[in-house]
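Engineer: Once you've looked at the hints, dock chain D against the given chain E.
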Amino acid sequence: MFITRKAEFSASHVCSNPAWSAEENRRVYGPDANPNGHGHNYVLEVTVEGEPDPVTGMVFDLRELKQILNQEVIEPMDHRFLNREVPPFDRVVPTTENIALEIRNRIQPHIHRDGVRLRNVRLYETADLYVDAAAEATGKE
Amino acid sequence: MMRLTRRYRFAASHRLHSPALSEEENREVYGKCANPYGHGHNYVLDVTVEGPVDDNGQVADRMSLDRLIRERVLVRMEHRNLNQDLPEFASAVPTTENLAAAIRAMLLEHWTLRPRLAHLRISETDRNTFDLEVSAS
Chain E
1 MFITRKAEFS ASHVCSNPAW SAEENRRVYG PDANPNGHGH NYVLEVTVEG
51 EPDPVTGMVF DLRELKQILN QEVIEPMDHR FLNREVPPFD RVVPTTENIA
101 LEIRNRIQPH IHRDGVRLRN VRLYETADLY VDAAAEATGK E
Chain D
1 MMRLTRRYRF AASHRLHSPA LSEEENREVY GKCANPYGHG HNYVLDVTVE
51 GPVDDNGQVA DRMSLDRLIR ERVLVRMEHR NLNQDLPEFA SAVPTTENLA
101 AAIRAMLLEH WTLRPRLAHL RISETDRNTF DLEVSAS
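So the sequence lines, in the order shown, correspond to chains E and D.
For what it's worth, the numbering used here labels the leading residue of the first sequence as 1, then goes sequentially.
For what it's worth, the numbering used here labels the leading residue of the second sequence as 1, then goes sequentially.
Please note: incorrect hints may appear among the correct ones.
[Said to hold, decoys possible] Computed far set for chain D versus chain E, every beta-carbon distance over 10 Å:
id	residue
1	SER13
2	ARG15
3	HIS17
4	GLU24
5	VAL29
6	LYS32
7	TYR37
8	ARG80
9	LEU107
10	LEU113
11	LEU117
12	ASP126
[As the list claims (entries may be wrong)] DEER-style ranges, computed between Cβ atoms:
id	chain 1	residue 1	chain 2	residue 2	range
13	D	GLU25	E	VAL92	56 to 62 Å
14	D	GLU25	E	GLY115	47 to 53 Å
15	E	GLU64	D	LYS32	47 to 53 Å
16	E	PHE2	D	ARG7	21 to 27 Å
17	D	ASN81	E	ASN70	49 to 55 Å
18	E	HIS38	D	ARG9	21 to 27 Å
19	D	ASP126	E	GLU64	30 to 36 Å
20	E	PRO109	D	ARG104	35 to 41 Å
21	D	LYS32	E	ASN36	50 to 56 Å
22	D	ASP66	E	ARG91	27 to 33 Å
23	D	LEU21	E	LYS66	48 to 54 Å
24	D	ARG70	E	VAL92	26 to 32 Å
25	D	SER22	E	ARG27	55 to 61 Å
Everything labelled a hint here was simulated from the structure, so no lab data went into it.
Heads up, the beta-carbon is just placed ideally off N, CA and C, and yes, glycines get one too.
The shape of chain E in the complex, shown without the other chains (with noise of 0.2 Å):
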């Protein structure tokens, strides 16, 4: 079974290679590379796979799961320039596939338990944009 649990966070961005010039960074992300930056409010989806526990009846405790996402998400980068505020993102482009892989990386350890594992994290820049970083790369949904 899935379980997931949504979170919002607002915080503002810049895409550009310090190595590229201006037009080269325009080329590559467009209007995401704005030099002053810009916002979104990110919409993240986190779900977990498991059985229900017999005991409890549930596959990961949502509000476990809630606190590990504010701890490691919501806290760190909500209200945040993403560039300037939250490493990595000093020296790694935050496009919305670094963020998603950052993420993962950010609440996997908290969700290593017998037959319960993080099944996929989907983050939307805006409602027509988002990107699916599955927990293990099978090509496969």
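Structural biologist: Okay, now just chain D, sitting in the frame of chain E:
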């Protein structure tokens, strides 16, 4: 491997009616969707691509993806009558199932992006959604 999904929209009309069926059978199978002059929807198309994250931190270049979807699909669908304006539906009934398969064919015929096409989801209305997984070949 990672997936990126981008949402697009287009408005089009269609009529669900098969010449292989009688008027009564068409009415029974397709209900209001068989009304003779057609009707329209605001379709929502979610296109999912899959691939490794490149050195730019991206699965897909958004501008290239947008251009491909616009040129191959949206310009052909937007404010069109699917039955009359698209040769794909000269004989096939433009159900959303068939529409999804037609869009898959339109895209795969001229796929120029590095990540592969992995999934299509089309919503005809908020209540009807159709998913088509595209196998890795």
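Engineer: Compare the structure with each hint and give your call.
Structural biologist: Verification of the supplied hints:
no., hint, verdict
1, SER13, "holds, 24 Å"
2, ARG15, "holds, 29 Å"
3, HIS17, "holds, 33 Å"
4, GLU24, "holds, 41 Å"
5, VAL29, "holds, 31 Å"
6, LYS32, "holds, 29 Å"
7, TYR37, "holds, 32 Å"
8, ARG80, "holds, 22 Å"
9, LEU107, "holds, 18 Å"
10, LEU113, "holds, 15 Å"
11, LEU117, "holds, 13 Å"
12, ASP126, "holds, 13 Å"
13, GLU25(D) / VAL92(E): 56 to 62 Å, "holds, 60 Å"
14, GLU25(D) / GLY115(E): 47 to 53 Å, "holds, 51 Å"
15, GLU64(E) / LYS32(D): 47 to 53 Å, "holds, 48 Å"
16, PHE2(E) / ARG7(D): 21 to 27 Å, "holds, 22 Å"
17, ASN81(D) / ASN70(E): 49 to 55 Å, "holds, 51 Å"
18, HIS38(E) / ARG9(D): 21 to 27 Å, "holds, 23 Å"
19, ASP126(D) / GLU64(E): 30 to 36 Å, "holds, 33 Å"
20, PRO109(E) / ARG104(D): 35 to 41 Å, "holds, 39 Å"
21, LYS32(D) / ASN36(E): 50 to 56 Å, "holds, 52 Å"
22, ASP66(D) / ARG91(E): 27 to 33 Å, "holds, 28 Å"
23, LEU21(D) / LYS66(E): 48 to 54 Å, "holds, 53 Å"
24, ARG70(D) / VAL92(E): 26 to 32 Å, "holds, 30 Å"
25, SER22(D) / ARG27(E): 55 to 61 Å, "holds, 58 Å"
Consistency note: the structure conflicts with none of the earlier hints.
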